[in-house]
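There are 2 protein chains.
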Amino acid sequence: MKKIANEVTVDRVRIQDPFWSALQERVIREVIPFQERVLNDQVEGVAKSHAIENFRIAAGLAEGEFYGMVFQDSDVAKWLEGVAYSLTVKPDPDLEARADEIIEIIAKAQQDDGYLNTFFTIKEPEHRWQNLHECHELYCAGHMMEAAVAYYYATGKTRLLDVMERMAKHIISRFGEGKERGIPGHQEVEIGLMKLYRATGKPEYKEMARFFLEERGKDPDYFYKEKIKRGWSHWGAHNEDPMDVSYNQAHKPIYDQTRAVGHAVRATYMYTAMADLAAEDGDDKLYSACKTLWDNVVNQQMYITGGIGATVEGEAFSEDYHLPNDTVYAETCASIAMVFFAKRMLEIEADGRYADILEKELYNGTISGIQLDGKRYFYVNPLEVNPGISGKVYGHNHVLPERPGWYACACCPPNLVRMVTALGNYAWTENETTLFSHLLVGQRASLTHADITVESEYPWEGKVIYRVEPKTERFTLAIHLPGYVKPHQAELKVNGEAVEVAAILQKGYLYLDRSWKTGDVVELTFDLAVRKVFANGKVMENAGKVALLRGPMVYAFEGVDNGEDIQTLRIPRELSAKTELCTEGRLAGNVILHLTGRRMVTGGELYSESRPIKRLANMVAIPYYAWGNRGETQMRVWMLEDDQ
Amino acid sequence: MKKIANEVTVDRVRIQDPFWSALQERVIREVIPFQERVLNDQVEGVAKSHAIENFRIAAGLAEGEFYGMVFQDSDVAKWLEGVAYSLTVKPDPDLEARADEIIEIIAKAQQDDGYLNTFFTIKEPEHRWQNLHECHELYCAGHMMEAAVAYYYATGKTRLLDVMERMAKHIISRFGEGKERGIPGHQEVEIGLMKLYRATGKPEYKEMARFFLEERGKDPDYFYKEKIKRGWSHWGAHNEDPMDVSYNQAHKPIYDQTRAVGHAVRATYMYTAMADLAAEDGDDKLYSACKTLWDNVVNQQMYITGGIGATVEGEAFSEDYHLPNDTVYAETCASIAMVFFAKRMLEIEADGRYADILEKELYNGTISGIQLDGKRYFYVNPLEVNPGISGKVYGHNHVLPERPGWYACACCPPNLVRMVTALGNYAWTENETTLFSHLLVGQRASLTHADITVESEYPWEGKVIYRVEPKTERFTLAIHLPGYVKPHQAELKVNGEAVEVAAILQKGYLYLDRSWKTGDVVELTFDLAVRKVFANGKVMENAGKVALLRGPMVYAFEGVDNGEDIQTLRIPRELSAKTELCTEGRLAGNVILHLTGRRMVTGGELYSESRPIKRLANMVAIPYYAWGNRGETQMRVWMLEDDQ
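Here the protein sequences come in this chain order: W and F. Residue numbering for the first sequence follows the working numbering, starting at 158 and increasing by one per position. Residue numbering for the second sequence follows the working numbering, starting at 158 and increasing by one per position.
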């Protein structure tokens, strides 16, 4: 095996898409400045951040105490990474100047030996590196490495990159073969090190990533021994359990892990780094481990929205097929992590299964985390919400019916920022012969063999046009055909001439290998029928139910459109749904579905031998990602089917 | 309003019933001696009790420390009450002698001022009566009063009755109008005081009960003020929240409470005492309050098995219609409390709705708490169990797939003992003119107007014969016709001559007003068809589902009979079930159901556009109470219906 394709960085792809451009703009215009004010403690009424002030104090530029989570630094890192992509998408000298200032503060907060972490620098310098399990110094370092690389790509400036190279060298001096055999409590540094490796070409960063990955699970008791050795706990009574080796993904070496277990974001960050390393090193064994874990996540543990990590307890994976809709966790960050994982898998193999999940996450389980106006966020992305129960009753407390403004543990909002601003990074990979288009997103991409402008009506219509300006005459353009499109339903034309889809389709990609001329036009069209989807019989929560999808979009039913007690509604067996493009209101720009369903009407008794009476009912479904934007109301994705 | 009928005590009814006699015998032969050994710390491998030793220490008969829950005394009380009924059902001089010994110890543990509570006597005498909220002195007193009255009825001995009268007087000297305005944290003393009143005829006990009931909720902040005043908490970090006034049923005066809220057992004990007092005093206002609460419990908050208290958090009522099958609480004790409540309501009004619930609880949600062999017990009575999830995954931890042997907080096992042994107490009420038969249980009853022998094939067949030996010539025999029997489906014969059922049916009772002769035979027969029951559309968990019932018995499907993934099974729309009386195995003696259902077969994918394939499937349902007796296996009561 070898890596089949390299990534295409954000700066080479300008998103020009009716769906995504608006979201990118909102994120750049609203969210990044809002988060900057939060990080600077300038927003009233939200959980205090203090994250930048922590850096100032550590840098000796201010007096005060550390405040926030032990991993508060990572909020600044994720924001900076988002800023980097944002500057690429939309240059903003003022924002860049402010980011430079913050980077200067960060640089000053770095210790002489390269160490960078404000919690330990300010508060417990004597405890540095003693509690990898709970204290996430490596996690914070990983995020800041990602920020450093992104900022370097965006601006060409190496200030933060230099800082993080020094930190990486500090880490390398401490951990590894013949040194301390540590592993991170929250995986992430592996991703950062891989990015640092690609940005600098220095193999020691990649080797450090490999050590952290391969060391994991060799000694399942590592965290327990670490705890005994240090004799203190960061979280007190709420300390994490070092004995829960599965939860910590330290139960087995990564090559022997066959099920996704434990904290979902940590797991998926680890898988991402594994895939990244497998790609870089052409490591078959590692890719095989990635595939095993991918299959378990996607085929046994993923909500139809792309949500992963079904249980709130530890924000973790649950049992296979245990996918409750109403007590779900499905953290936004975990879906974002699946985007990263899918992207790295696509660098190893252009398999439509990976691109399908990439697409599913991008259009559903990730962006459901952000309100349509960009101002409020979900951690938890339920598939069923019942006001009066959700957010209120035991077991449902974490499932909020509306998005809150900010969180004390603010991981998801900045993670969304960096994903949305870096969308161009997921659109393509390329190698010497082939350009792989993974997403049907409108854009202008500057690739090795060609500049390509894509006009897209996706996700609302199955119509995408690629206008090719070749730089090389002969190359292959491989376009991902979404897995739900049957080959005979798709039409592909090159310069108006039909090409037989089935003949050029391999593992979900349409391979156009030809001599290209400027002005060549590839037009892909397919019908976006409303699809009824059934869950595996082992998913108890979805027995007898169906979900409606159209294109990549999962649909949801809300009480605000469908009246009270939406659990009494039934999807007709013979479905005939009409689409409508909303032109006004909160959902403007979205395609909604109208259908004639049934409502099962019961009497007032709690239990009765009288069969519920079936009445026709007008039903409306909206794209899942847009739920919860019109006040507190019932919502569900999976609906019982009327079997008659 | 006035009380329509008096209770018929246990000693006047000898159960001779194919269903109940065996259970009574098992309880008397197995459970009572087992619990005695537990209370004496003679059983290895179960949670230590120390309850009798606590009394010995408090009595100065032994040295040592108090051990157990602050309300550990109540375990001895409930056991003694069960022993009393047991001695009535089956005299046992040895057991009685041992009970007398324990009563002597209890008597010696009583303080000079009448106070009786081993925790405070041994451990914190200075804290007596300071923490009614958490420390349950009144609760323990109430249970010991119930034991004292039962033991007095069973044996004629007044030793314990005298002790508890002294304790009652001590309570009266302390609490009431112009004295301390306390209310119990866990209602129960109100029941005990009412029984003490009836046994002794002394009105001060009834008035004390009325004070505790009517004082409740007058000052919603009572427990909060109590806490501030005393400045200490019994449970430390886990102390109960005195501000959660609804949870404490102290949010409003009892007359203004319209929904059942908070701890389900406490609430239902309170309703029981309210109904008892309403009956004794002919108190319309209080009966009206009881009816309002009854209606809410039965029509909005009760599982079809009779289970109440849907949430584990605080063992409490949840929201109306929130009746999750798999994360249910439905404590055995709460169903037992509903038996008590129904019994008291029947003393006010012979309304079949009350008798129907009494029957539902007795045949389903109470006795599901005890293993068929009598040796293991459930606190929690789920309507759906999934091994691998139940008892294991967050939100499901409390839902055990198999009955454990004993509990540190051992409320349910002795509560079952006293209910099963006192079954005769629920069978009848009577007044000057009428004998009300509430249960179709085989028995020999000695009533004011007649001795009546009942031969019953219930609950497996709808055939009951009453043989009457009158003591008075003219009286009315009123027999409860279960609410699920339509009048035209029942046949009633007196001495072989048919009587028109509809003509003598009033509010669920068949009134036979006639001159009786020795040897008169009343024969009630009705068909026990398998009934398909639908839940109200507001019960989200049961949308599209049906439950099967036959007679009073709710049926359940277990994996052991129905193969894997029972959620893929469907009940056919046209149901044709065959009954079989099991003659061997664990379920011997039970009628099980065989039907041809459907199994929806899906492929291996997690999600698919392929409609599941429908196959015929042989299905077996067993009586709900008997579930969980054949190893860990899936179980569910509510099954999706195949609508075709």
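For the record, the hints were derived by calculation from the structure and aren't laboratory data. In this text, all values refer to a predicted model and were calculated from it rather than measured experimentally. Hints are supplied without guarantee of correctness; some may be wrong.
Copies of the same chain are indistinguishable here, so a pair counts whether it falls within one copy or spans any two.
Stated by the list, open to error - Below 30 Å or equal to it, Euclidean Cα-Cα: the simulated DSBU-like pairs (lysine-lysine) are:
hint, residue 1, residue 2
1, Lys549, Lys382
2, Lys689, Lys771
3, Lys549, Lys280
4, Lys735, Lys771
5, Lys160, Lys674
6, Lys549, Lys409
7, Lys549, Lys448
8, Lys771, Lys643
9, Lys265, Lys549
10, Lys643, Lys448
11, Lys375, Lys549
12, Lys695, Lys549
13, Lys735, Lys628
14, Lys247, Lys771
15, Lys674, Lys382
We went through each hint and held it up to the structure:
In the homo-oligomer, the alpha carbons of Lys549 and Lys382 lie at most 30 Å apart only across protomers (27 Å), although the nearest pairing inside one protomer, at 39 Å, exceeds that limit. Proximity of Lys689 to Lys771 under the C-alpha cut-off of 30 Å is found in both arrangements, the shortest distances being 21 Å within a copy and 17 Å between copies. Taking the shortest alpha-carbon separations for Lys549 and Lys280, neither the intra-copy value of 37 Å nor the inter-copy value of 39 Å comes in at or below 30 Å. In this assembly of identical chains, Lys735 and Lys771 lie within 30 Å of each other by CA distance both inside one copy and across copies; the values are 22 Å within and 29 Å between.
Within a single copy, Lys160 and Lys674 get their C-alpha atoms as close as 28 Å, which meets the 30 Å cut-off; across copies the closest is 99 Å, which misses it. In the homo-oligomer, the alpha carbons of Lys549 and Lys409 lie at most 30 Å apart only across protomers (22 Å), although the nearest pairing inside one protomer, at 38 Å, exceeds that limit. For a Cα distance limit of 30 Å, the shortest separation of Lys549 from Lys448 across copies, 28 Å, qualifies, whereas the shortest one inside one copy, 39 Å, does not. For a Cα distance limit of 30 Å, the shortest separation of Lys771 from Lys643 across copies, 25 Å, qualifies, whereas the shortest one inside one copy, 35 Å, does not.
For the identical chains of this complex, Lys265 and Lys549 are neighbours neither inside a copy (45 Å) nor across copies (49 Å), given an alpha-carbon limit of 30 Å. In this assembly of identical chains, the alpha carbons of Lys643 and Lys448 lie at most 30 Å apart only when taken from the same copy (25 Å versus 62 Å across copies). For a Cα distance limit of 30 Å, the shortest separation of Lys375 from Lys549 across copies, 27 Å, qualifies, whereas the shortest one inside one copy, 42 Å, does not. Taking the shortest alpha-carbon separations for Lys695 and Lys549, both the intra-copy value of 28 Å and the inter-copy value of 18 Å come in at or below 30 Å.
For the homomeric pair Lys735 and Lys628, neither the shortest alpha-carbon distance inside one copy (44 Å) nor that between copies (77 Å) is at most 30 Å. When the C-alpha separation of Lys247 and Lys771 is checked against a cutoff of 30 Å, the pair qualifies neither within a copy, at 54 Å, nor between copies, at 55 Å. For the identical chains of this complex, Lys674 and Lys382 are neighbours neither inside a copy (64 Å) nor across copies (85 Å), given an alpha-carbon limit of 30 Å.
Taken one by one, the earlier hints fail for this structure at numbers 3, 9, 13, 14 and 15, listed in ascending order.
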